[in-house]
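Student: Sequence:
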Amino acid sequence: TLRQLLRQRGEFPGEAWLLQLMAPVTEALAVIHAEQCFHRDIAPDNIILLEGSGRPMLLDFGAARRVIGDMTQALTVILKPGYAPVEQYAEVPGMKQGPWTDIYALAAVLHFAITAKTPPPSVARMLNATYEPLVQAAAGRYSPRFLAAIDAALAVRPEQRPQTIAEFRDALGLGGVVAAAGLDLNSLGGG
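Quick note: the sequence shown uses our numbering, first residue 4, plus one each step.
Simulated from the structure, these hints should not be mistaken for laboratory data.
Here the structure is a predicted model, which is why all the values come from computation and not from measurement.
Careful: at least some of the hints might be erroneous.
Derived BS3-like pairs (lysine-lysine); straight-line CA-CA distance at most 30 Å [what the hints assert, rightly or not]:
hint: 1; residue 1: Lys99; residue 2: Lys120
hint: 2; residue 1: Lys83; residue 2: Lys120
hint: 3; residue 1: Lys99; residue 2: Lys83
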C-alpha cells in the first residue's frame, strides 16, 4: 500500500513523484464521479502500487455510493478520522457529499505523504483551528502552488474546496497531464 511504501522508505516523496501518483488516481476518480459515484474511503492504505509497474490502484469501494439525481438519501457513515471530511460525519441538511468529499480525502493522503501525519479530524477543526497549513509546514520542500492546492482541498467547509476533480487537478498543476505507466517504487523522487 502507499502507507507501507511511505513508511518503508522513511523519506518524504518529491513533488514530481506525488504528481505522478495523483495523475492516474485523479483520472480514475473523474471517471467514477462522471457517473455520480463517489468513493468515500480514500486513504493511504486504500491505494496500492502494483508490483513491477508501480501503477497506483484505488481499492476498497465498499463505501462508494451512487447519487441518483438530486435526491437526498441516507448514506452509511464510513470514515477514517483525518481523511473524512465533515460532511461524512453526520447527515446535515444542505451538506451533501460529492466530488469535494473524495477531494478532501485525496488531499489528506497528500498531507500524510508530505508530513508523515494525518491532518487533524475535520470535526475537531470546526471547533478548534488546529490545522497548520502546508504552505507553512512544508515550505521550501514543495512548490507554493502545490501546497496551496492541498490546503484548499482540505478546507473544512465543503463549498470552500475544489468542487470537481478537474478543478483539483488544475490547482495541483496536473491540468493536461495524463497518467504515466507507473511509478519508480525504488525512489520517492527525493524531497
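Student: All hints, please: hold or fail.
Tutor: Results for each hint:
1. At most 30 Å may separate the alpha-carbon atoms for a hinted pair to count; Lys99 and Lys120 meet this at roughly 27 Å.
2. Of the pairs offered as hints, the one joining Lys83 and Lys120 holds, with about 13 Å between alpha carbons and a cut-off of 30 Å not exceeded.
3. For the suggested pair Lys99 and Lys83, the alpha carbons sit about 18 Å apart, so the restraint of at most 30 Å is met.
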